[in-house]
Every structure is written in C-alpha cells, then in structure tokens.
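**Student:** Each chain, letter by letter, is given below.
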Amino acid sequence: MTGTPLIEVEDLRIDLDDGLKRVAAAEGVSFRIDRGETFGLVGESGCGKSITALALIGLLRPPLSIGSGVIRFDGREIQHLSAAAQRDLRGNRIAMIFQEPMTALNPVSPVGRQIAEMFVLHKGKSWREANKLAVEALASVRVPAPERRVNDYPHQLSGGMRQRVMIAIALACGPDLLIADEPTTALDVTVQAEIIELMRNLCAERGTAILMISHDLGLVANVCRRVAVMYAGRIVEERGSADIFRTPSHPYTQGLVASLPRLGSRAALGRSRLKEIAGVVPAITNFPEGCRFNPRCTQATDICRTVAPPADLLEAGGLVRCHHHA
Amino acid sequence: MPMLSFLIRRLLQSIPTVLAVVLLVFVLFSVVPGSIVSSMSDDADPQVELRLKQQLGLNDPVYVRFGTYIAKLATGDFGTSFRTREPVTAMIAKRAWPTLQLIFAAMAFSVVLGVPLGFIAALRPGGLVDSAAMVLAVSGLSIAKFWLGLVLMYLFALKLGWLPSFGYGDGGLKYLLLPAVTLGVSPMALFARTTRAAVLEIMTADFVRTARSKGMSETRVVKWHVMRNALVIILTTVGLQFGGLMGQAVVVEKLFSWPGIGSLLVDSVLQRDIPAVQGSILVVVLAFLAINLLIDVLYGVIDPRIRYA
Chain P
1 MTGTPLIEVE DLRIDLDDGL KRVAAAEGVS FRIDRGETFG LVGESGCGKS
51 ITALALIGLL RPPLSIGSGV IRFDGREIQH LSAAAQRDLR GNRIAMIFQE
101 PMTALNPVSP VGRQIAEMFV LHKGKSWREA NKLAVEALAS VRVPAPERRV
151 NDYPHQLSGG MRQRVMIAIA LACGPDLLIA DEPTTALDVT VQAEIIELMR
201 NLCAERGTAI LMISHDLGLV ANVCRRVAVM YAGRIVEERG SADIFRTPSH
251 PYTQGLVASL PRLGSRAALG RSRLKEIAGV VPAITNFPEG CRFNPRCTQA
301 TDICRTVAPP ADLLEAGGLV RCHHHA
Chain V
1 MPMLSFLIRR LLQSIPTVLA VVLLVFVLFS VVPGSIVSSM SDDADPQVEL
51 RLKQQLGLND PVYVRFGTYI AKLATGDFGT SFRTREPVTA MIAKRAWPTL
101 QLIFAAMAFS VVLGVPLGFI AALRPGGLVD SAAMVLAVSG LSIAKFWLGL
151 VLMYLFALKL GWLPSFGYGD GGLKYLLLPA VTLGVSPMAL FARTTRAAVL
201 EIMTADFVRT ARSKGMSETR VVKWHVMRNA LVIILTTVGL QFGGLMGQAV
251 VVEKLFSWPG IGSLLVDSVL QRDIPAVQGS ILVVVLAFLA INLLIDVLYG
301 VIDPRIRYA
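As you go down the protein sequences, you meet chains P and V in turn. Counted from 1, the first sequence has number 298 at position 298 by the numbering used here; the numbering is strictly sequential. Counted from 1, the second sequence has number 10 at position 10 by the numbering used here; the numbering is strictly sequential.
A portion of the hints provided could be inaccurate.
To be verified - Restricting the straight-line Cα-Cα distance to at most 27 Å, the calculated cross-link-like pairs of lysine-lysine (DSS-like) are:
#	chain 1	residue 1	chain 2	residue 2
1	P	123	V	254
2	V	53	V	72
3	V	94	V	145
4	P	125	V	53
5	P	132	V	223
What the hints contain is simulated information worked out from the structure, not anything from laboratory work. As the structure is a prediction and not an experimental result, all values here were calculated from the model.
Given the sequences, and given the hints that come with them, work out the whole structure.
**Tutor:** Below you can see the structure in the form of structure tokens.
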C-alpha cells in the first residue's frame, strides 16, 4: 500500500526502570499499519505486546517508559507530544478496548454517562446532547433497548454487553485506530465470536484500522490481514495472516501454529497430545544472549546463542528474525 | 419496598443492642463501690443515710431495681436524677443541643479539611504536599486531646485574646471554635489518611486506565471516576468516627466546661447519679445506632451495587 501509513513504529524501545537498573521490556519494535487495515500482534504473556500498545496510546506508567524510537501517527511524531496534545489524540483518534470488561468500566457510573463523556471531552457537546448521542452509540453496538440501558450500571450488564459498551466508548468519536487488547479473552466462546464480528464490522464501516493484541494466533489470523509475532520483547516474524499459517518461518511461530488444535486432526479428536513449545518465556530481567528464543528452539546452533538475528525480508513479503529461517 | 423493610428490620435489630447496653451499665453501677449518699458527705448520720437510700430505692435487690427501670424505660421515662430531682429526660434535652453542636462542628471541620487534604496528597504520592500532609496526619492522630485543648486555650484565649477560653456563653461560633477544633483534629487526620489510601488504591483500578484512555486530564479522571468510588470508603470512616467523637466529646466538654451530655455524664458518674448516667449513655448509644443506620442508607445512594434486601 502507498501513501503515509496511519501509524508507523520505528525501532521502539520500552524501558523498565525498577530504580536500580533499566532493562528493555521491548526493543527494536517496528511495524506500520495503514488506514483501515487490520493488524495483529501475537505472543505469550509477558512478550511485550500489551506495553507496545500502551506506548502507542501514551499510557505507559512508571516504571515503564519509552526509551527510544519513533511513533508516527498520521505522519506526525507523537512520542514526545505534550500531555494535552496526547490527550487530544487519545480516545479521539486512537481508542483502546481492554481485556477485562468486568473492571474496565466504572462501577458507580451509569454506562450511558461513561459513553457520553467521550462526546463532552472531544466533541464539545453539552451533557444533554452527549447523553442523546450515547443512546445512539449504544444502539450501534446492538444493545437492545438502548434508551433504557444507558441508565444501567455495569454490574447490571453481562460480560458481553459490557464489552459492547466498551466498543461503543472506543468508537464514539470515530477514531482512526482502535487498539483491542485481548478484547474477548474474558468472554465465553460464543459471545467472543459475536463481539469480534461486531468490532470488525463497525470498524470496516467507518474505515477504522484495528491493532488487535492477543495470545490467540488463530483468532488474530481470522480478524487481521497482517500479523506480527512477538517473543521476549522483539518482533520475530511479520507476515500476511494466510502466509503465516501456511508457511510459518520462525521456529517460534512454527511452534505456535503447531500448538493450535485443528478440526478433524488426531489431536482435536483426542487421540494424541497437542504440540507444545517446551520451556517458558524468559523474564524481562533475564533475556538470553543472541536470539532470545534459542534456549527453547530445537534448531538452535552456536550463532543463535551469541548473535541476535537481523530482520530478513521474505520473498513473499513480510520479515523474519531467525538465522536458520526457511 | 425493600428499603422500608430494611429500615424496619434494622430498627428491630437494634433493640437487643440497646437492652444489652442498659443491662451492662446497670450491673456495672450496682457493683461499683459508693453511692449518691456517700458522695454527698463523708461523715453523714447513718440514720439519714439509710433513710435516703430507702427513698431512692437503693436498698432493693438489683433485679428488682432493674425490672422497675426497664418498665419505666419502656414508657419513655428515664427516671429522676438523684442529684437535682429533675426528670433525666429534661436534663438530657437541655444538654443534647450543645453536644450536637460540638460534634457536628468538629465533624464538619475534620471532613472539610481532612478529605481534600487526602485527595491532594494522593495526587502526587511522595511529593511535598503528601509528605507534609501525612506528617500532619500522624501528629493529629497521636496528639492528646486534653493537651491540645490546653495549648489552644493558652494560645488563642490567653495570649492572643481572640476567643473565650471556655464555657458555652451564648452558644455562638466564638465559643464553639476551640472545643470543636480540639475534638476535630484527630478525625481530620484519620480522614486525610483514609482518603489518601482510598484514592491511591482506586487510581490503580482498571476503570481509571479506561478513563485515561479516553483522553481525560488527571483532574477529570479524579473528579469523574475516582471521587465517587472513594466516597464509599470515606463514608464508612466518617460513620465510625461519629461514635468515636461521642466518646471523645466527654473529655473535651469537661475541659472546656461545655454543658453537653459528656460533662453531664462525667459529673453524674462522679456523684453516682445512676439514673442520669444510664440516661446519658443510652442517648449516646441511640445516637450512634441512628447514625450508623443513616450511613448504611447513604451507601446505597452512592454505590448502585449495594442493594437492600
């Protein structure tokens, strides 16, 4: 795709400063998302995907901070913007949905008011107008009887309904980018499908790009056009989502793909064990030398233990960081 | 009407509490040595003493006296003071207003200063304001009331001459100020600490992160999302402090010669005026129960998750 990308991350490093020493919780993170595109960030817990998202929306809190690198939104560098300028973007042009719909909403405020805040904050509406718009916003995420539901408190709604409210809040101002951090992890599988479908349709209608963050490669590949896989604070592979499933290049991605249950496979029928990747993600303070995946990698050689692999561009498009990639 | 049935049930539940208090005070004062008669004179004529005791019914067995007392109480009769021969209800009625004035003034002082102080401290934890506020809070909690009262008297009455040193006077603000501040300092300190802790905890909640992701300034985050959540916790502390204040008012009223229920209680205890003691304690207990009930009702107003069933 040509033209200015909507968001462009270049060599981003996120520091974790515990007061004694500073370590990189994520580094060398680069990717771009075009307008209206769907992009996925996948990895195990602790790989740095959520903090990358928080960095984009300017919500990193101490002990985490942006160490170096550039985040360009709509052609403009935003990592050093003033607090007020960041607030103008946040919620208005970059919105975010969080994992826990149970706790992400204020328990003592009616949901309608929590939606209406967006119009007051960013569109200069009066509370009266904002409340009317909140009813419409609630209707747009297919909450039945929205004019009554706006007066409900979060505890009166189911998990799925609450996540709909979160989507209504996030999309209220028609943002250019929606960051969805594990938006359905806390929900039932059936509700999960509904919420994903809703989010995808609404964003497609409005031309909103999605950055979806999940540990679930299957889900992300289903929603997103392109996928980046993160491991221990680095992006190890970035491809079109169909390609990554068919021909995963990085041994870690191969492990992830192999660990997915497939319909009709022996594992899914219970006749053999699902594949797993041996070992666990290393702690941030204790990343291994060289390729960070080498202690868990079956193909690791001496070079993997000493030299961090550079990003190799693949012929079919995308990139991979592995000394031995196919 | 879940609210109405809640209220009725709570009122019924308080009956055993009240009875237990009455019994406890009664038993206590029948076992402590001395009586109104012995407190009047050291070398009274034994004949006179006996006659007086007979008159006041002090020679009857405890259970008989308790029975009579409860029976009268049920009709709203708190008995007659041994000292003044006045009905206890009349004595208390006279003194209830000064005590209410004192307690509410102290409460207002401590809430108006303590809660905002806690909020400000929590916005920059570890900052200058925070450190100063917390030093103030710890001092306020640890300071002895009778000492603080004396210092204030010395400073504002004796040295500066701005305020009267003690007494009720015309009951105006001038007279109320020193006792109210003396009484209000420790709850103020407690409210500052509780508010700070509550706000700091709420600031880490997920919904605060959501609020920030909406592009709100920190001031708005606090105003729109933190305050009301903190209020539930603050309200609990305020409710409990009302009870504490009624106890501490005894010291302050005595110190400032404030004609409230507290000083009535002290004088009555010293002279073994049992009906007056029982009446005062009963009124304090009833007030405490009423305030707690009010606080429970207020919870529901602030936090929609709390339902009365």
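**Student:** Each hint needs a verdict: does it hold in this structure or not?
**Tutor:** Tested hints:
{"no.": "1", "hint": "123(P) / 254(V)", "in the structure": "60 Å, violated"}
{"no.": "2", "hint": "53(V) / 72(V)", "in the structure": "20 Å, holds"}
{"no.": "3", "hint": "94(V) / 145(V)", "in the structure": "25 Å, holds"}
{"no.": "4", "hint": "125(P) / 53(V)", "in the structure": "79 Å, violated"}
{"no.": "5", "hint": "132(P) / 223(V)", "in the structure": "22 Å, holds"}
The structure shown violates the earlier hints numbered 1 and 4.
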